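Order-wise, the sequence lines are chains C and U.
The letter at position 309 of the first sequence is residue 309 when you use full-length UniProt numbering, and the numbering goes up by one with no holes.
The letter at position 108 of the second sequence is residue 108 when you use full-length UniProt numbering, and the numbering goes up by one with no holes.
Heads up, a few of these hints could be off.
Stated by the list, open to error - Derived EDC-like pairs (lysine to aspartate or glutamate); straight-line CA-CA distance at most 20 Å:
1) Lys264/U - Glu325/U
2) Lys250/C - Asp154/U
3) Lys131/U - Asp237/U
4) Lys173/C - Asp366/U
5) Lys199/U - Asp274/C
6) Lys346/U - Glu132/U
7) Lys199/U - Glu165/C
8) Lys310/U - Glu329/U
9) Lys173/C - Glu368/U
10) Lys298/U - Glu345/U
11) Lys131/U - Glu342/U
12) Lys302/U - Glu394/U
13) Lys250/C - Asp143/U
14) Lys287/U - Asp168/C
15) Lys6/U - Asp137/C
16) Lys239/U - Glu377/U
17) Lys285/U - Glu165/C
18) Lys298/U - Asp168/C
19) Lys199/U - Asp168/C
20) Lys250/C - Glu208/U
21) Lys173/C - Glu208/U
22) Lys283/U - Asp168/C
23) Lys146/U - Glu208/U
These are calculated hints, taken from the structure and not from any lab test.
Computed from a prediction, not measured in an experiment: that's the story for all the values here.
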Amino acid sequence: MREPRQITASQTMMSIFNSMIGISILGLPRIASEHVNSGAVLVTIIGLGIMMIGMGIMTLLGYRFPKTSFIQFSKQIIGKKLSFLFGLFILVFFILLIGFITREFSFMLSSFLYPDTPMIVLVGAMLIIVAIATRNDITTISYIHFFYFPFLLIPLLLLIVLALENVDIRYVKPFLGNGNTFSDFLQGGLTIAAFPFVHIGIFLLTVLTPHTHSPKNAIRGSLLGGLFSSLLIILTLFVTIGVFGSMEAKSPLWPLYVLTRMVQLPLELLERLDILFLGIWVLSAFTTILSGYLIIIYTGSQLFNLKSHRVLSYIALPLVFGAAMYPQNIFHLFELIELVGKWGLIITMIYPLFLLFIALIRKKGKVMK
Amino acid sequence: MKHAAKSVLLVILVLLMAGCWDRMEIEERATILGLSIDLHDEETSDEPINHPNSDNIPTSEIGMVKITAQLAVPGQIPLGPSQGGGGGGPEDTVWVVKAIGHSMDDAISNLQQQLGSTLFLGHLKIIIISKEVAEKGIKEISDYIKRHPEIRRDTWLLVNGKMAEETLKIAPKLERVPVLYLSGMLDNAIKMGKFPKGKVGEFWVGLENLGQDGYLPYITVEEKEHIQISGLAYFKDMKMVGNLEPYQIAYFNGITEQNPGGSKALVKLSEDESVMFQSTVRKSKIKATLKDGRPHIKVNLKVIGNIVEKRNMTIDSQEVSQKIEKITEGLIKEQCEQLIKETQEKQSDIFGFGEYVRGSLRSYWDTEVRTAEKWREVYKNLSVDVETQVEIKEAGIRSK
Numbered sequence: 001m002r003e004p005r006q007i008t009a010s011q012t013m014m015s016i017f018n019s020m021i022g023i024s025i026l027g028l029p030r031i032a033s034e035h036v037n038s039g040a041v042l043v044t045i046i047g048l049g050i051m052m053i054g055m056g057i058m059t060l061l062g063y064r065f066p067k068t069s070f071i072q073f074s075k076q077i078i079g080k081k082l083s084f085l086f087g088l089f090i091l092v093f094f095i096l097l098i099g100f101i102t103r104e105f106s107f108m109l110s111s112f113l114y115p116d117t118p119m120i121v122l123v124g125a126m127l128i129i130v131a132i133a134t135r136n137d138i139t140t141i142s143y144i145h146f147f148y149f150p151f152l153l154i155p156l157l158l159l160i161v162l163a164l165e166n167v168d169i170r171y172v173k174p175f176l177g178n179g180n181t182f183s184d185f186l187q188g189g190l191t192i193a194a195f196p197f198v199h200i201g202i203f204l205l206t207v208l209t210p211h212t213h214s215p216k217n218a219i220r221g222s223l224l225g226g227l228f229s230s231l232l233i234i235l236t237l238f239v240t241i242g243v244f245g246s247m248e249a250k251s252p253l254w255p256l257y258v259l260t261r262m263v264q265l266p267l268e269l270l271e272r273l274d275i276l277f278l279g280i281w282v283l284s285a286f287t288t289i290l291s292g293y294l295i296i297i298y299t300g301s302q303l304f305n306l307k308s309h310r311v312l313s314y315i316a317l318p319l320v321f322g323a324a325m326y327p328q329n330i331f332h333l334f335e336l337i338e339l340v341g342k343w344g345l346i347i348t349m350i351y352p353l354f355l356l357f358i359a360l361i362r363k364k365g366k367v368m369k
Numbered sequence: 001m002k003h004a005a006k007s008v009l010l011v012i013l014v015l016l017m018a019g020c021w022d023r024m025e026i027e028e029r030a031t032i033l034g035l036s037i038d039l040h041d042e043e044t045s046d047e048p049i050n051h052p053n054s055d056n057i058p059t060s061e062i063g064m065v066k067i068t069a070q071l072a073v074p075g076q077i078p079l080g081p082s083q084g085g086g087g088g089g090p091e092d093t094v095w096v097v098k099a100i101g102h103s104m105d106d107a108i109s110n111l112q113q114q115l116g117s118t119l120f121l122g123h124l125k126i127i128i129i130s131k132e133v134a135e136k137g138i139k140e141i142s143d144y145i146k147r148h149p150e151i152r153r154d155t156w157l158l159v160n161g162k163m164a165e166e167t168l169k170i171a172p173k174l175e176r177v178p179v180l181y182l183s184g185m186l187d188n189a190i191k192m193g194k195f196p197k198g199k200v201g202e203f204w205v206g207l208e209n210l211g212q213d214g215y216l217p218y219i220t221v222e223e224k225e226h227i228q229i230s231g232l233a234y235f236k237d238m239k240m241v242g243n244l245e246p247y248q249i250a251y252f253n254g255i256t257e258q259n260p261g262g263s264k265a266l267v268k269l270s271e272d273e274s275v276m277f278q279s280t281v282r283k284s285k286i287k288a289t290l291k292d293g294r295p296h297i298k299v300n301l302k303v304i305g306n307i308v309e310k311r312n313m314t315i316d317s318q319e320v321s322q323k324i325e326k327i328t329e330g331l332i333k334e335q336c337e338q339l340i341k342e343t344q345e346k347q348s349d350i351f352g353f354g355e356y357v358r359g360s361l362r363s364y365w366d367t368e369v370r371t372a373e374k375w376r377e378v379y380k381n382l383s384v385d386v387e388t389q390v391e392i393k394e395a396g397i398r399s400k
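Make the full structure from the sequences, and use the hints.
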């Protein structure tokens, strides 16, 4: 079945935004302040800067090969065998990563909302819904993202505005942090660039680009999406550090979620917003996992020359489920996410750069004007 | 066939997503509204529930703890305004239970052992610790509260001058549930400008920050009947080292720019002349500079307020008003300096001057200070300048 090509720039942007705003940004303030204390804002800017480079590389590749998918053009560039091997790496990497973030999300749900519900059910329910949603074609999935976009954006802006009045500017100073060296920032930046949402955001482009209206739309959408989500992530980080201070931001597992539990509407319209916000985080986790799952089955279908990504919708389920159930506890999970995420940088940054380089040398694909 | 498969899947999904595992009827929950933590002095041990009954049981750093909980009795707490008549007093709406244990959770489990329904801490409003507990250190209690997913950061943590459990036994006339009365009282005190924002979330921020120390509301129970806010307990690291008098809270609020204003000061102008000054807005600018290689804090405090009462004098001209402003400025400056000096002696930087130093004098902090302990040493001999400015806006609706 041929997939229609009609994703617009704004849909690309919204898809990237929804995929990046997910469960990992809840823990971002903790990890950023662990590395460089009050330099957290700067280190996040560095990390997201690395991500923008990755997105840039992917966009350039997409522009050179507008009609073919990532796996197809990597075949053209470096040959069948090598590209198949890397394709397998990509597949395994994303299966692990998506499993892990589903598990992190389930951990959060189980500690705040469903203490007695078995982990298997929380993980399973989410993955099954995601698998069903990926039975749609890619254009429809981008419409799903389009639909959820305001439900994520508006509460997030509301959160930032409500928390802003409690921000103590002392806590975000000094901008460089105390007692940090250049290598602290570099390591912190790399850790943030290895966050699951970065990988998903970058690789989602490989799925969307072949289906966008025109290559120009793809470029515009991906750059806008990357910048816009980065801006919001930095703002949420800023308010979290500004309210808690970098020392206190280290102590909860998900500082941003703790912040959402604290904010109150003016005039005490509703005493507690946390249940409302928990709903928003469930949505954000759904959209992120949806994109990630789509990357798995789309890459898989291209790799094994299948007709459509739908074929793998349910086949991939046990694999991702297995990855999700593997970590023993939350500490094990966080260690694994960091480890896998860092190795993933090779796949999402260095490998595309390598492809672009070879393509330039061998003059493959559309030549840029 | 395809439809059949789909419907089976749907049915399974419905079963999976109903969330029956965590179904909990409200009657099955023992909702704790208030919790108090005291020391248990007698050497009698608790019930052997989490450990065998022997002498060699790890006990928290403060010793055996006694926990008193105020539970809401289901169905007895009226929603909305009470309809008057018929309703009983607090004895009917809440239930006070006690337990002792070797640690926080040990005591809570012992409490659970006495109750038929599951304890629920999601609606916990107030945790009261006795002064003894606060002075011995709240590291473990704080960790427990922070770790518990049900307890929220907008819970009040209070220090009671004597026995904490007394607070839960009082029966105020204005509200059916004593704990709600107490938390409402504190919220209102903030709105009236008489108390700084100081829920447990803010306390933890002060506690964790390197250049800052925590403070908690300090209350006393008067005649076993009503509760009074009688100052601010300030901490050095995890231990309470002293408390401010209620009148000093006004100056603390001024330095830390807590708005709206509202606290009053009786200003003596001469032997038999005095006015009552009430602040409305406080503006405070704090700057950290380096002077001869040592940090120096400059506080610029501006207080805008009204005259609400006078004695033996006429207030009818700008000249008089300026005179009052001048004298009030002097008073505020003196009191602020006194207050800062007091906390310096106890090495408790509740104003967070250290955070200004950390933020603005980065290289000084990185070479000389680095840790919270070192900052407390520096704070002890820190030079602080207080500049005050008072503006009188209104003097009531009398012409003289």
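task: Determine which of the earlier numbered hints do not hold for this structure and return their numbers in increasing order.
output: none
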